[in-house]
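With chain A held as given, fit chains B, C and D onto it using these hints.
Below, each chain spelled out in residue letters.
There are 4 protein chains.
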Amino acid sequence: MNSFGNNFKVSIFGESHGTGIGIVVDGVRAGISLCTEDLMADILRRKSGAKGTTPRVEADEPEFLSGVFEGHTTGSPIAIIFRNGNTRSSDYEALKAVPRPGHADYVAGVKWDGFNDPRGGGHFSGRITLPVVAAGVIAKKMSGMDFSAELIEIGGETDKARWSELLDRTSKEGDSIGGIVECTVSGVPAGLGEPFFDSAEALLSHAMFSIPGVRGVEFGDGFAAARMKGSEHNDPLVLEDGAVRTVKNGAGGINGGITNGAQIKFRVAFKPTASICREQKTLNVKTGEMVSLNVPGRHDVCFALRTPVIVEAMAAIVLADLAARK
Amino acid sequence: MNSFGNNFKVSIFGESHGTGIGIVVDGVRAGISLCTEDLMADILRRKSGAKGTTPRVEADEPEFLSGVFEGHTTGSPIAIIFRNGNTRSSDYEALKAVPRPGHADYVAGVKWDGFNDPRGGGHFSGRITLPVVAAGVIAKKMSGMDFSAELIEIGGETDKARWSELLDRTSKEGDSIGGIVECTVSGVPAGLGEPFFDSAEALLSHAMFSIPGVRGVEFGDGFAAARMKGSEHNDPLVLEDGAVRTVKNGAGGINGGITNGAQIKFRVAFKPTASICREQKTLNVKTGEMVSLNVPGRHDVCFALRTPVIVEAMAAIVLADLAARK
Amino acid sequence: MNSFGNNFKVSIFGESHGTGIGIVVDGVRAGISLCTEDLMADILRRKSGAKGTTPRVEADEPEFLSGVFEGHTTGSPIAIIFRNGNTRSSDYEALKAVPRPGHADYVAGVKWDGFNDPRGGGHFSGRITLPVVAAGVIAKKMSGMDFSAELIEIGGETDKARWSELLDRTSKEGDSIGGIVECTVSGVPAGLGEPFFDSAEALLSHAMFSIPGVRGVEFGDGFAAARMKGSEHNDPLVLEDGAVRTVKNGAGGINGGITNGAQIKFRVAFKPTASICREQKTLNVKTGEMVSLNVPGRHDVCFALRTPVIVEAMAAIVLADLAARK
Amino acid sequence: MNSFGNNFKVSIFGESHGTGIGIVVDGVRAGISLCTEDLMADILRRKSGAKGTTPRVEADEPEFLSGVFEGHTTGSPIAIIFRNGNTRSSDYEALKAVPRPGHADYVAGVKWDGFNDPRGGGHFSGRITLPVVAAGVIAKKMSGMDFSAELIEIGGETDKARWSELLDRTSKEGDSIGGIVECTVSGVPAGLGEPFFDSAEALLSHAMFSIPGVRGVEFGDGFAAARMKGSEHNDPLVLEDGAVRTVKNGAGGINGGITNGAQIKFRVAFKPTASICREQKTLNVKTGEMVSLNVPGRHDVCFALRTPVIVEAMAAIVLADLAARK
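Residue numbers (the numbering used here), protein chains in the order written: chain A, 7 to 332; chain B, 7 to 332; chain C, 7 to 332; chain D, 7 to 332.
Looking at chain A on its own, in the form it has when it is part of the complex:
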């Protein structure tokens, strides 16, 4: 349920405003150099504070409970925890009565018979991606590959020069925008993945859609491939510096579910932040009446800004696992 992977496996836990959140990482090769400082660069990339992200900043200090000894991984499971900060949970009973549109508030109550922790979205909070980022650092070290994700578009705007203004305007309107992240993985050996159910795309997309707020995933030419001719999309093999390579990489580095040695390339579409300041009409599920809702608190105008490092982490978790199966 809350775990993923076969030979390299992660298990996540925690709620936004509970005691702590964390992850158990199992199947890590013994002898990898690792300390909490190694995690900080990626943790900082996910952190809020920049323009377009929520001004609420949390400490995000990781603690290893196990699996690391004298600066190296031991081979046994690594548990990483983060204490939640001084979380003042406002009137969360109200949330159970008036679920926020676009959030999991309503379905969490249905699924867990009203016993879900509603504070700050509880277990469904994007905060749970913090330990995923920490595990991603370990996965990157395991895999030996290079992961590079970047935001290529927000609110439909691909010209980065105009993003600052767009974020200001959206913020002023009390609204939010989404974005698209492109991820490139280099140094991938040919032969990773299995045909059909454990294909590289199947596992990568599984991991990507596990990130809250994802609406679409595409590899290589993606949806555009459906509009291409075979003669355009097909990718002849060539010899390049003695290695077999594809010419165009429209397949995103994967054929028949198996990596072909080229860069893996895929894009992930994030929806706009669900919590907006603008008034919304929605249902009070306890009284059955329509009500006006202004979601309280301070929010990311565009949470997609914080996601590239999460996309990298998830990709690394998948590829470390596939590499560990060879």
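Quick caveat, the hints were computed from the structure, so don't treat them as lab data. Small disclaimer: the values here were computed from a predicted structure and weren't measured. Worth double-checking, as some hints may not be accurate.
The list treats identical chains as interchangeable, and a pair is accepted whether it falls inside one copy or across any two copies.
[Stated by the list, open to error] The calculated BS3-like cross-link candidates involving lysine-lysine, where the alpha carbons are at most 30 angstroms apart (straight line), are: (1) Lys178 to Lys53; (2) Lys287 to Lys254; (3) Lys235 to Lys147; (4) Lys287 to Lys235; (5) Lys53 to Lys254; (6) Lys178 to Lys292; (7) Lys332 to Lys147; (8) Lys178 to Lys57; (9) Lys178 to Lys287; (10) Lys102 to Lys147.
This is chains B, C and D only, laid out in the frame that chain A set:
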């Protein structure tokens, strides 16, 4: 590797030109009415023969080896096999030397040290989706939901009135085109799926990317959501005939990974058929020379035409599993 | 449910008197020499016909449907099926009313709401161990280890010279006896298995208790270890031909769940055959009356005679999987 | 690797002398009343301090990080951690050179290339059973069944009146003894478990052999069944207060892998404590010389005394999982 699911599980096997292909379906509830005739409608929808599909038609006769007794499922695993027909495998040694662009020929050889069965694509053949369709029929019965997938676009053309002409023209050019399938699932109870790794989207996309030739998957508003504002994409709750419903269903029936009771809606992008008659330049991996390749045989101009029933089957397999976890 | 393993995985299916039984073996390394003849030696060891086993002899002819090409494994799943012979199923409605003592007849009906296939025990039949033996041959080849199991005791008698007479006497009484199988695995590398849940003992015992009719499993000194002192049971390390070895192997080749390089040694206790000719009093579950039952048909006096090769196969499946995880 | 279960799943982590140990429990039904006090009774049963157990007593204070809100389970994963106390790790480099006989010191080094945490046995320490006991309390609540395990024999002595003297004598000799635990589970519904690989015995034995120091597991009549006749071991069905029951329960509550509604009964054999005060000859694996070893520290004379609650916890974890699959 070649199996999928938790409480409702499928395991596939077979090669395009081997003795037979099949699937083992485990976790089927006892007492469901089932006979081979029940499978035929969906098997026929996948069959070739219509315009734009290969004229090579196979028998596709399913046989139950186990799990069915006196017209009902017994609770034990159901094995369904299909014998492969009179497959004349042409010069498959040539395939190992000159892997077809866009096919898995090259990576299969890398992965399996040249021991892969290369005939007709071997285990990577789209033919392996035939037993998936058969299992899908059982999954549909298990789930109690309605699955409806249709092709909404081929070669970039959304006007179905023009498809016939487009297929003719493409065929004449010796080329191929892709397409986009949209799938709608009705009668989905709220509360299916788990947050994060077993979210409904994660599992559905995993299954979709297991189908050969898929390049993208999107739910609800999909990639377009990344270009919308929160106030546009957010989906207020309303009461409808006494049930809680969303207004626009831009989330595709899923919030926070959990079904919300609305229809599940997603789209799957299929690339153009890799095998084309037009001459292609590609590598002879044994000699290192570039050669001209005309892929022999008769091919689907647009294999996406045959995929809606496969998309339904995969969706049913996922949702039968999620429903069996409750 | 009916599958086992992580990187080397088997999925079984079939009923005693259904169309066929079989197994799908996934995760097999490509390039292993394999043909159906390779399976026959082990299949014959399981076969009935010798003194103490049922005189009913079946054909037991394996057929590969997939995964083997030109005499070698291809890397894709290997499906092996066996057609069931001319099975005359007697009055099986009677079985549903009067479940045979010691058999699964009653629980199968409870579990599967009366839809279970009752003929010859259906899916619970020992016949399903036939494909396990076939998969075991492949697992033995994969693992590169030597598996040797033998019956060391039947009906409490350890002197093999007296077994023939004991079997005759038991047969004449219309009764049955059990037995104990000891299995030794040689050539095991040190370091297989994981601490705790995937310990070598945990996985081996899991596989052993999957064999119908097993009542106990013990490793090394086994239950006797509970009666030893630490100074007696402890196993000092020594150097032997340059390799680290234990002196007594009372741990059965496993410490802390991890193989130590010594032979793995364990014993499996099989109960007496449940089907006996002697009259038994038991319940008619439909009428609620106690009735007399003489189980019809011809049975193994001691089915344990046929189990050593099954024990080997299950051990090989586990160890091939553990070796494939390294 | 370090996780177990399908619908109710546990993941353990930690080392004996690391920062902390713990467990993540996933698949817990929402709405179960739970606080840390609920865990204490079972945690105390595992604690040392009584005659025959080590005088070193640790705090064993559980902390919930997640999954519990306002005194009830939320449905999301429950993480329970225990901080390790003031552990003075003596000369653990010595342990790597001279692995303790009967311990995992040697294999841990082999498996993890010498990077294993050797202090107090590291991840292989019996201390990791502490979080298992905590998870067992949750599993017991989930399952609704009654678990009762007791020590029925230590050092071969079944007369409890003589145990005190036996422990004194063994302690004086600087030696250790093993023991046998019998576990009875009541209130088990008929129909749990699956034929073959997920049989109730297979999963229970898997969990039992995950406990450090187990050498054997047997169900019902166990190894004695191998010495019985069919007419003695078979268990006719009878009606008892309107329910179908077996007469003798020699099958330990399980037929064909499926629970039959009777009490589940099994026994677990624990070896004597490996750490003994008496001098042992063993190998210095670094120098290749045989040396004398007196294991420093204070040890359990009979660690089996502390295991009944661990056996109950593991049984509850298995049965909560099987019950959650129905």
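Checked hints:
Taking CA atoms no more than 30 angstroms apart as the test, lysine 178 paired with lysine 53 passes inside one copy only; the shortest distance there is 22 angstroms, against 55 angstroms between copies. When the C-alpha separation of lysine 287 and lysine 254 is checked against a cutoff of 30 angstroms, the pair qualifies only between copies, where the shortest distance is 13 angstroms, while the shortest distance within a copy is 48 angstroms. For the identical chains of this complex, lysine 235 and lysine 147 are neighbours neither inside a copy (39 angstroms) nor across copies (37 angstroms), given an alpha-carbon limit of 30 angstroms. Taking CA atoms no more than 30 angstroms apart as the test, lysine 287 paired with lysine 235 passes between copies only; the shortest distance there is 16 angstroms, against 46 angstroms inside one copy.
In the homo-oligomer, the alpha carbons of lysine 53 and lysine 254 never lie at most 30 angstroms apart, since the shortest distance is 35 angstroms inside one protomer and 32 angstroms across protomers. With identical chains, the CA atoms of lysine 178 and lysine 292 are never at most 30 angstroms apart, being 33 angstroms at best within one copy and 62 angstroms at best between copies. Proximity of lysine 332 to lysine 147 under the C-alpha cut-off of 30 angstroms is found in both arrangements, the shortest distances being 17 angstroms within a copy and 18 angstroms between copies. Only within a single protomer do lysine 178 and lysine 57 lie at most 30 angstroms apart by alpha-carbon distance; the minimum there is 13 angstroms, versus 54 angstroms between protomers.
With identical chains, the CA atoms of lysine 178 and lysine 287 are at most 30 angstroms apart within one copy only, with a shortest distance of 20 angstroms there and 55 angstroms across copies. Taking the shortest alpha-carbon separations for lysine 102 and lysine 147, only the inter-copy value of 27 angstroms comes in at or below 30 angstroms, while the best intra-copy value is 42 angstroms.
Figure legend: structure checked against the earlier numbered hints; hints not met, in rising order: 3, 5 and 6.
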